[in-house]
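There are 6 protein chains.
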Amino acid sequence: MSELTHVNAAGEAHMVDVGHKDPGRRVATAAGRLDTTAEVVEKLRGNGLAKGDALATARVAGIMAAKRTWELVPLCHPIALSKITVEFELGEESVAVRAQVANNDRTGVEMEALTAVTVAALTLVDMVKAVDPAAEINGVGVVEKVGGKTGLWQRN
Amino acid sequence: MSELTHVNAAGEAHMVDVGHKDPGRRVATAAGRLDTTAEVVEKLRGNGLAKGDALATARVAGIMAAKRTWELVPLCHPIALSKITVEFELGEESVAVRAQVANNDRTGVEMEALTAVTVAALTLVDMVKAVDPAAEINGVGVVEKVGGKTGLWQRN
Amino acid sequence: MSELTHVNAAGEAHMVDVGHKDPGRRVATAAGRLDTTAEVVEKLRGNGLAKGDALATARVAGIMAAKRTWELVPLCHPIALSKITVEFELGEESVAVRAQVANNDRTGVEMEALTAVTVAALTLVDMVKAVDPAAEINGVGVVEKVGGKTGLWQRN
Amino acid sequence: MSELTHVNAAGEAHMVDVGHKDPGRRVATAAGRLDTTAEVVEKLRGNGLAKGDALATARVAGIMAAKRTWELVPLCHPIALSKITVEFELGEESVAVRAQVANNDRTGVEMEALTAVTVAALTLVDMVKAVDPAAEINGVGVVEKVGGKTGLWQRN
Amino acid sequence: MSELTHVNAAGEAHMVDVGHKDPGRRVATAAGRLDTTAEVVEKLRGNGLAKGDALATARVAGIMAAKRTWELVPLCHPIALSKITVEFELGEESVAVRAQVANNDRTGVEMEALTAVTVAALTLVDMVKAVDPAAEINGVGVVEKVGGKTGLWQRN
Amino acid sequence: MSELTHVNAAGEAHMVDVGHKDPGRRVATAAGRLDTTAEVVEKLRGNGLAKGDALATARVAGIMAAKRTWELVPLCHPIALSKITVEFELGEESVAVRAQVANNDRTGVEMEALTAVTVAALTLVDMVKAVDPAAEINGVGVVEKVGGKTGLWQRN
Chain Z
1 MSELTHVNAA GEAHMVDVGH KDPGRRVATA AGRLDTTAEV VEKLRGNGLA
51 KGDALATARV AGIMAAKRTW ELVPLCHPIA LSKITVEFEL GEESVAVRAQ
101 VANNDRTGVE MEALTAVTVA ALTLVDMVKA VDPAAEINGV GVVEKVGGKT
151 GLWQRN
Chain B
1 MSELTHVNAA GEAHMVDVGH KDPGRRVATA AGRLDTTAEV VEKLRGNGLA
51 KGDALATARV AGIMAAKRTW ELVPLCHPIA LSKITVEFEL GEESVAVRAQ
101 VANNDRTGVE MEALTAVTVA ALTLVDMVKA VDPAAEINGV GVVEKVGGKT
151 GLWQRN
Chain X
1 MSELTHVNAA GEAHMVDVGH KDPGRRVATA AGRLDTTAEV VEKLRGNGLA
51 KGDALATARV AGIMAAKRTW ELVPLCHPIA LSKITVEFEL GEESVAVRAQ
101 VANNDRTGVE MEALTAVTVA ALTLVDMVKA VDPAAEINGV GVVEKVGGKT
151 GLWQRN
Chain S
1 MSELTHVNAA GEAHMVDVGH KDPGRRVATA AGRLDTTAEV VEKLRGNGLA
51 KGDALATARV AGIMAAKRTW ELVPLCHPIA LSKITVEFEL GEESVAVRAQ
101 VANNDRTGVE MEALTAVTVA ALTLVDMVKA VDPAAEINGV GVVEKVGGKT
151 GLWQRN
Chain H
1 MSELTHVNAA GEAHMVDVGH KDPGRRVATA AGRLDTTAEV VEKLRGNGLA
51 KGDALATARV AGIMAAKRTW ELVPLCHPIA LSKITVEFEL GEESVAVRAQ
101 VANNDRTGVE MEALTAVTVA ALTLVDMVKA VDPAAEINGV GVVEKVGGKT
151 GLWQRN
Chain R
1 MSELTHVNAA GEAHMVDVGH KDPGRRVATA AGRLDTTAEV VEKLRGNGLA
51 KGDALATARV AGIMAAKRTW ELVPLCHPIA LSKITVEFEL GEESVAVRAQ
101 VANNDRTGVE MEALTAVTVA ALTLVDMVKA VDPAAEINGV GVVEKVGGKT
151 GLWQRN
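Note that the protein sequences, when read in sequence, are chains Z, B, X, S, H and R. For the first sequence, the numbering used here begins at 1 and goes up steadily by one. For the second sequence, the numbering used here begins at 1 and goes up steadily by one. For the third sequence, the numbering used here begins at 1 and goes up steadily by one. For the fourth sequence, the numbering used here begins at 1 and goes up steadily by one. For the fifth sequence, the numbering used here begins at 1 and goes up steadily by one. For the sixth sequence, the numbering used here begins at 1 and goes up steadily by one.
The following block holds chain Z by itself, in its conformation from the complex (with noise of 0.2 Å):
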């Protein structure tokens, strides 16, 4: 098993060199959840209209976020995106989160994936913790990655 690629051998941590990798077509998918009660669930719905702005707020969110991944995320490269969806479905008590992340770069894009991800699910966090407080995020991570020199990755 490989080192953890961010550290060196002193221990420090550095943004490894990409420049040496081929630009090229490279998709990510990550998913999460918001963990919440039926009633809140219902709230988001908003009788029946899954397009109020509180989901719109939330994938607006989440995909602006998704931009900004290389200011988060210190070892993150600066990237150029050229696509970025975020969708939710509605459970009984839960929202399912799902966000695709494509570019046409030297690094994947994983890490935007799932900080869309995140952040959407941050957004909706603070739009219900005034009527449930105990929401909790759960189960955030990588589905699917397309294209670089690993290829093809799916979560089993």
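The hints are simulated quantities; they were obtained by calculation from the structure and are not laboratory data. Just so you know, not all the hints are guaranteed correct.
Since copy identity is lost for identical chains, a pair holds within one copy or between any two.
As a list, the in silico DSS-like pairs of lysine-lysine whose alpha-carbon atoms are at most 27 Å apart [what the hints assert, rightly or not]: (1) K83 <-> K149; (2) K83 <-> K21; (3) K21 <-> K149.
Computed from a prediction, not measured in an experiment: that's the story for all the values here.
Please build the complex by placing chains B, X, S, H and R on the supplied structure of chain Z, with the hints as guidance.
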């Protein structure tokens, strides 16, 4: 049960007025967890040196992100923060993340504590994703909040 | 008539000292307008659903931008904001934008309200530019300001 | 007439995929105008020195804002910019603002040019608001765009 | 001699709690110097016009950076600033930079004044690097601080 | 000797056009120094543990700042960076800071390397200012640049 505070009667998002609230000490503690493999935890432990750059980088990322919560979460108020701590506890196959934020302002700091936890956890994911692409963030929620009109709240 | 306050006697820009001012409630309202075509207004209306993502996205953009005014306008003070609202009114060939910002600080919030209006309008332009590249922003100005030493000011 | 490109069939906002587009030279020019009083224009002119800090500050603000367009306008792509200019022309009771932005990327730079114009104009408003609280921004729109699939577009 | 305040007993970085401190007027002055060639200083002087865009741009950059100190320096508190000035004095082969920052908050503003000086100096380097790639920044330090528990401190 | 490239014939600042340049590997190394006391250096050394949070925090700050150079230095181009390293060497009464930045773009990365050095040094000042308010940053300059039209440049 009250309505979603961040959305008005017409369903439109707004940043609610906190100008009438009294400034005062508010403290929030949040927690979360990176679920990964025993091997990855060993690498983060750095041969017994829990203060290596890996955890330090994630701690700094969490602290810096807490200060930028209002840039990320659309309806959060921009507020001064008087204290931020981020702590890690290495388990067998997981890393527990805990953050505490305090302020002397007109609104609470739960979102700031949650943002510190999630960005610290995202930074750990970034560090370990080459060796464990299936790493997952779970259990992100408020643990305790003190101060403000609602006073003390604690997760059961 | 007084001199330009942001430039000193030598003609040099500076961020003027507001430290001697009393903190207090200040509210500013600004307005502006997107001039476009009747067809575009229909699309934004979304078949009667004024709460679709198009307007919600522009509203969120305006709210978020207001908080970052001091990052954009070089001589604006970084200040806490206690309230931000952004509203749209769909006309025949235009969309009226109106923003209100309040704080409890040592300086006014006109620039924050104006920034909310302009960035919300820019976001609408971004949405409609593929169908109306000639869309134009007009009439961006302060409507009313309340509080501070100068008290109430209203556009005639 | 095509639909709004930034909103999908379900009415949800997304950052559209530009990954399939060819990179290439794109140039956009935008314009706008600060309407104020003859006295204010004289102050900005600075006794004949059009290069005083007032206009220089607004120019720098516009240039810096153009680079941050993707942080402000939610569905804009983060892109590298290869050129930004901001110019002012002092009229009798107005200041004309004109910006030109170029890139070598997969999407156009109209929004960047418009952001440069509006933030430069907002900075002028900030400078003059103490002497002319009724100052207004008008006529903000794209003047010309060159490059990309749609080729040349010019405002009539 | 006290320990490093930003690192706890376990050697972990944290943003120290200033919530118990009294808000009050604090002023800090910092200075620094760009060492370059006589020819470069002449160019910056702009044929006798010290108010040309070169120095104005660097001044604006310093002022804007001071406001973002807490985004750059990880353990700095986000604070409101009530005043920022940046001044240049052209020497024979150097440009002296001096910044003053004031606030009415719970912690000092030395880091803000130092950030203003360094970013103003970096901007000058950017301006002159094509003609003097060996330009160097020297002597960046606090000159004086007033206010707070420690009261007046002056460099000898 | 050429004119200041960032100011046009009329003395106005602009972000120069690099669109005609060829993309290619560019690497820049910059250095600087924190001058402080022997006691402070010992504290930073952390009883022999040079990898304690103090230096790790400054290293992360430098890396993150390099990525934001274009937000700080007004006329710098926003560019992707492929590598960033920041290193410290503890002397008797000083800490040497060295940063290396690489990209594959149309313009050089000297400013990014210099920004990494200065923000890392500012973070050290922040850490030590309570024990050494007279700490000073000196000798900040480019050490070497490789690539681009001008090819190799090295400080004598």
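Up to 27 Å between alpha-carbons, please classify K83 paired with K21: within, between, both or neither. So K83 and K21 pass the 27 Å test inside a copy (21 Å) and across (12 Å) alike.
K83 and K149: within-copy, between-copy, both or neither at 27 Å Cα: Both ways: K83 and K149 sit 20 Å apart in one copy and 18 Å across, limit 27 Å.
Measure nothing new, just compare the shortest in-copy and cross-copy C-alpha distances for K21 and K149 to 27 Å and report within, between, both or neither. Both: 9 Å inside a chain and 23 Å across chains, each within 27 Å.
The structure agrees with every numbered hint stated previously.
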